[in-house]
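Visitor: One-letter residues, chain by chain:
There are 2 protein chains.
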Amino acid sequence: MWKLLTFPLCPFSRKVRLLLGEKGIGYDLEPEAPWQRRDEFLDMNPAGQTPVMIDTSREAPPLIDSMAICEYFEETVEKASMLNGTAGDRAEIRRLVTWFDTHFYRDVTAPLLHERMEKRIVHRATPDSRVLREAMKAAVAHLDYIDYLLDYRAWVGGATMSLADLAAAAQISVTDYLGGIDWKGNEQAKRWYVGMKSRPSFRPLLAERMEGVSPPPHYEKLDL
Amino acid sequence: MWKLLTFPLCPFSRKVRLLLGEKGIGYDLEPEAPWQRRDEFLDMNPAGQTPVMIDTSREAPPLIDSMAICEYFEETVEKASMLNGTAGDRAEIRRLVTWFDTHFYRDVTAPLLHERMEKRIVHRATPDSRVLREAMKAAVAHLDYIDYLLDYRAWVGGATMSLADLAAAAQISVTDYLGGIDWKGNEQAKRWYVGMKSRPSFRPLLAERMEGVSPPPHYEKLDL
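Going down the list, the protein sequences come from chains A and B.
Sequence positions in the first sequence follow the UniProt record's numbering and run 1 to 224.
Sequence positions in the second sequence follow the UniProt record's numbering and run 1 to 224.
Hint data in this document are derived by calculation from the structure and do not stem from the laboratory.
Bear in mind that the values here come from a model prediction, so they are computed numbers and not experimental data.
Heads up, some of the hints might be wrong.
Unchecked claim - Computed from the model, here is a short list of chain B residues facing chain A with C-beta under 10 angstroms:
(1) Tyr27
(2) Glu30
(3) Ile54
(4) Asp55
(5) Thr56
(6) Asp65
(7) Glu71
(8) Arg130
Unchecked claim - Far from chain B, some chain A residues (derived; all Cβ distances over 12 angstroms):
(9) Ala33
(10) Asp55
(11) Phe73
(12) Arg133
(13) Glu134
What the hints assert, rightly or not - Pairwise CB distance ranges (calculated):
(14) A:Leu29 to B:Gln36: 43 to 51 angstroms
(15) B:Gln188 to A:Arg209: 41 to 49 angstroms
(16) A:Ala80 to B:Ser81: 20 to 28 angstroms
(17) B:Ala125 to A:Met44: 14 to 22 angstroms
(18) A:Thr86 to B:Arg37: 28 to 36 angstroms
(19) A:Ser129 to B:Thr102: 48 to 56 angstroms
(20) B:Pro200 to A:Thr160: 51 to 59 angstroms
(21) A:Asp223 to B:Val140: 54 to 62 angstroms
(22) B:Pro200 to A:Leu29: 42 to 50 angstroms
(23) A:Glu78 to B:Gly26: 32 to 40 angstroms
(24) A:Arg124 to B:Thr86: 43 to 51 angstroms
(25) B:Asp39 to A:Ala154: 49 to 57 angstroms
(26) A:Ala60 to B:Glu59: 38 to 46 angstroms
Note that CB positions come from ideal geometry on N, CA and C, so glycine has one too.
Put together the whole structure using the sequences plus the hints.
Guide: In structure tokens form, the structure reads like this:
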């Protein structure tokens with residue numbers, strides 16, 4: 001059985017969980033708050049980040065780093081491949097996974113998590129409205145980019161649903177939980193995201209709550 | 001024929017170039033200074049980063065993101081596989097590639113590139129000695145981690161040479177070019193790095209120079 005160390009608003013864990021959901025792989029959740037920098041956690045993963053996955057059925061090193069975890073399950077479980085097509089198609093999917101994991105995260109998810117989650121539950125401080133405004137402006141630019149991609153392909157990463165969609169939806173879902181997205185524009189991105197939200201793999205994520213931080217009323221709804 | 005857009009001190013391009021060298025894949029270099037944020041480059045790669053690889057022999061989208069590029073050549077060229085072993089072994093290799101690309105880069109290479117390259121050739125400013133000291137201290141911690149890994153395995157990523165070695169050597173070589181490493185301690189890491197430097201895939205990198213920035217005398221030598 002797999003055990004996944006994470007916290008409800010970890011966008012990288014959400015990408016992994018969407019993949020596990022699509023592939024039908026079961027796992028138990030084990031709460032881990034990386035900002036607490038627990039010694040045992042750092043000994044296991046010096047990067048100090050979630051997700052970490054442990055196979056409790058055998059003696060094996062834990063799986064660390066969300067992309068390494070996704071590649072592992074792509075290699076070992078054939079069902080619902082999320083790295084489809086030619087080598088070139090797969091390169092484009094991986095480029096976009098990095099894009100959302102790095103750029104979307106840095107511009108949007110990370111500042112929102114800091115201002116609206118960490119400041120509330122760790123520092124008991126009020127969010128910086130300037131930082132929030134910048135992050136929300138960046139979110140619009142990122143949704144514009146998704147609109148642009150969807151102008152000439154069916155899914156974010158190409159002709160089929162892929163890890164690029166899961167990576168994008170993971171970051172967006174955390175951003176949306178934290179009230180960082182104004183769904184007034186970006187019709188294409190919105191339609192795509194509602195499609196992602198309606199998948200069975202997405203439901204458990206939407207039902208979870210981070211203690212002390214509430215999502216906006218539309219967060220779980222399928223009509224944005 | 002492949003064309004690689006890069007600049008001499010791009011650590012991510014160095015990782016790709018070491019892989020191409022090991023696999024015996026030829027390519028032409030095309031200078032690209034990402035800090036100039038050239039419009040045509042940003043149109044091609046919104047992330048604005050090197051490396052980008054273009055196959056000039058056919059109409060195909062460019063390959064973007066250093067890990068996506070490495071995975072592409074791992075999938076298409078069998079020779080000198082750098083992702084060896086079981087799925088678990090490969091997960092460990094990929095974890096360490098992310099470690100060096102993200103953490104070593106953030107803690108060591110990025111501040112050194114900013115202080116000793118960008119400030120010199122772009123801003124014409126003097127480096128901040130406090131930032132340099134912090135980066136060099138972080139470099140020691142990273143070499144300690146490599147020592148620790150080499151305590152119980154033959155190579156950084158496991159029993160065979162892998163992409164983890166290439167990623168680590170790429171970051172270290174740029175750091176070393178910028179005078180960021182004190183080779184007095186870390187005997188294991190030093191022996192391993194001298195081994196990496198002596199590979200034919202490494203020689204072209206060591207011979208290159210970044211205009212306006214000179215490496216220390218030991219940079220190319222095999223006796224550190």
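Visitor: Now tell me if each hint is right for this structure.
Guide: For each hint, the structure was consulted:
| no. | hint | in the structure |
| --- | --- | --- |
| 1 | Tyr27 | 16 angstroms, violated |
| 2 | Glu30 | 19 angstroms, violated |
| 3 | Ile54 | 12 angstroms, violated |
| 4 | Asp55 | 9 angstroms, holds |
| 5 | Thr56 | 15 angstroms, violated |
| 6 | Asp65 | 4 angstroms, holds |
| 7 | Glu71 | 6 angstroms, holds |
| 8 | Arg130 | 24 angstroms, violated |
| 9 | Ala33 | 20 angstroms, holds |
| 10 | Asp55 | 9 angstroms, violated |
| 11 | Phe73 | 9 angstroms, violated |
| 12 | Arg133 | 22 angstroms, holds |
| 13 | Glu134 | 18 angstroms, holds |
| 14 | A:Leu29 to B:Gln36: 43 to 51 angstroms | 46 angstroms, holds |
| 15 | B:Gln188 to A:Arg209: 41 to 49 angstroms | 47 angstroms, holds |
| 16 | A:Ala80 to B:Ser81: 20 to 28 angstroms | 26 angstroms, holds |
| 17 | B:Ala125 to A:Met44: 14 to 22 angstroms | 41 angstroms, violated |
| 18 | A:Thr86 to B:Arg37: 28 to 36 angstroms | 31 angstroms, holds |
| 19 | A:Ser129 to B:Thr102: 48 to 56 angstroms | 30 angstroms, violated |
| 20 | B:Pro200 to A:Thr160: 51 to 59 angstroms | 40 angstroms, violated |
| 21 | A:Asp223 to B:Val140: 54 to 62 angstroms | 55 angstroms, holds |
| 22 | B:Pro200 to A:Leu29: 42 to 50 angstroms | 48 angstroms, holds |
| 23 | A:Glu78 to B:Gly26: 32 to 40 angstroms | 35 angstroms, holds |
| 24 | A:Arg124 to B:Thr86: 43 to 51 angstroms | 46 angstroms, holds |
| 25 | B:Asp39 to A:Ala154: 49 to 57 angstroms | 29 angstroms, violated |
| 26 | A:Ala60 to B:Glu59: 38 to 46 angstroms | 44 angstroms, holds |
Of the hints listed earlier, those the structure fails to meet are numbers 1, 2, 3, 5, 8, 10, 11, 17, 19, 20 and 25, in rising order.
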